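Given only the sequences and the hints, what does the whole structure look like? Please build it.
According to the numbering used here, the sequence shown is numbered sequentially starting from 552.
Hints in this document: simulated from the structure, not taken from any laboratory.
Just to be clear, a hint being listed does not mean it is correct.
Here are the computed lysine-lysine pairs in the DSS-like style, where the Cα-Cα straight-line distance is at most 30 angstroms [claimed, not checked]:
id	residue 1	residue 2
1	LYS587	LYS652
2	LYS615	LYS651
3	LYS652	LYS615
If you anchor each label on the Cβ, the simulated ranges turn out as follows [to be verified]:
id	residue 1	residue 2	range
4	GLU553	GLU604	41 to 47 angstroms
5	SER669	LEU555	20 to 26 angstroms
6	LYS587	THR646	33 to 39 angstroms
7	LEU643	LYS615	17 to 23 angstroms
8	ALA558	PRO609	45 to 51 angstroms
9	VAL654	GLY576	20 to 26 angstroms
10	ARG661	ALA558	16 to 22 angstroms
11	THR631	ARG655	18 to 24 angstroms
12	LEU555	GLY603	36 to 42 angstroms
13	LEU649	GLU611	43 to 49 angstroms
14	ASN632	MET552	23 to 29 angstroms
Keep in mind it's a predicted model, so treat the numbers as computed, not measured.
No residue lacks a Cβ here, since even glycine has one placed at the ideal position from N, Cα and C.
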Amino acid sequence: MEPLDDAEIERVLVVTAHPDDLDFGAGGTIAQWTAKGIEVSYCICTNGDQGGEDPDVPREEMPKIRQREQRDAGLALGVTNIEFLNYRDGWLEPTIELRKKIVREIRRVRPQRMLIQSPERNW
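In structure tokens form, the structure reads like this:
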């Protein structure tokens with residue numbers, strides 16, 4: 552099966568483990584897609600609670616901060632549909648529950664293309 556040309560793509564779903572992973576790894580590609588009118592949606596598996604090193608920020612505030620930052624970064628790239636599955640950062644495991652939630656997002660978005668992280672990458 553040959554990959555579809557961008558001109559044939561209406562929707563892309565990006566699935567990633569943590570807030571900001573996709574901005575560092577694929578921000579340029581995502582910006583190109585949205586500039587072409589492709590609707591890009593994010594499915595981010597964790598809540599970002601382990602991000603940040605500021606001792607003045609309480610750990611329980613971190614998910615709210617990271618999710619706001621991710622929404623702002625998404626908007627800068629033209630992405631408005633961002634779904635957080637809200638698993639704890641560092642505790643993500645390939646469970647049936649996680650798989651069902653990702654499948655639910657795939658069915659909701661109905662993408663012609665998906666962008667995912669390699670499960671072999673160990674942060």
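To see whether the hints hold, each was checked on the structure:
| no. | hint | in the structure |
| --- | --- | --- |
| 1 | LYS587 to LYS652 | holds, 28 angstroms |
| 2 | LYS615 to LYS651 | holds, 24 angstroms |
| 3 | LYS652 to LYS615 | holds, 21 angstroms |
| 4 | GLU553 to GLU604: 41 to 47 angstroms | holds, 45 angstroms |
| 5 | SER669 to LEU555: 20 to 26 angstroms | holds, 21 angstroms |
| 6 | LYS587 to THR646: 33 to 39 angstroms | holds, 35 angstroms |
| 7 | LEU643 to LYS615: 17 to 23 angstroms | holds, 19 angstroms |
| 8 | ALA558 to PRO609: 45 to 51 angstroms | holds, 48 angstroms |
| 9 | VAL654 to GLY576: 20 to 26 angstroms | holds, 23 angstroms |
| 10 | ARG661 to ALA558: 16 to 22 angstroms | holds, 18 angstroms |
| 11 | THR631 to ARG655: 18 to 24 angstroms | holds, 19 angstroms |
| 12 | LEU555 to GLY603: 36 to 42 angstroms | holds, 38 angstroms |
| 13 | LEU649 to GLU611: 43 to 49 angstroms | violated, 23 angstroms |
| 14 | ASN632 to MET552: 23 to 29 angstroms | holds, 26 angstroms |
Violated hints amount to a single one, hint 13; each of the other numbered hints is respected by the structure.
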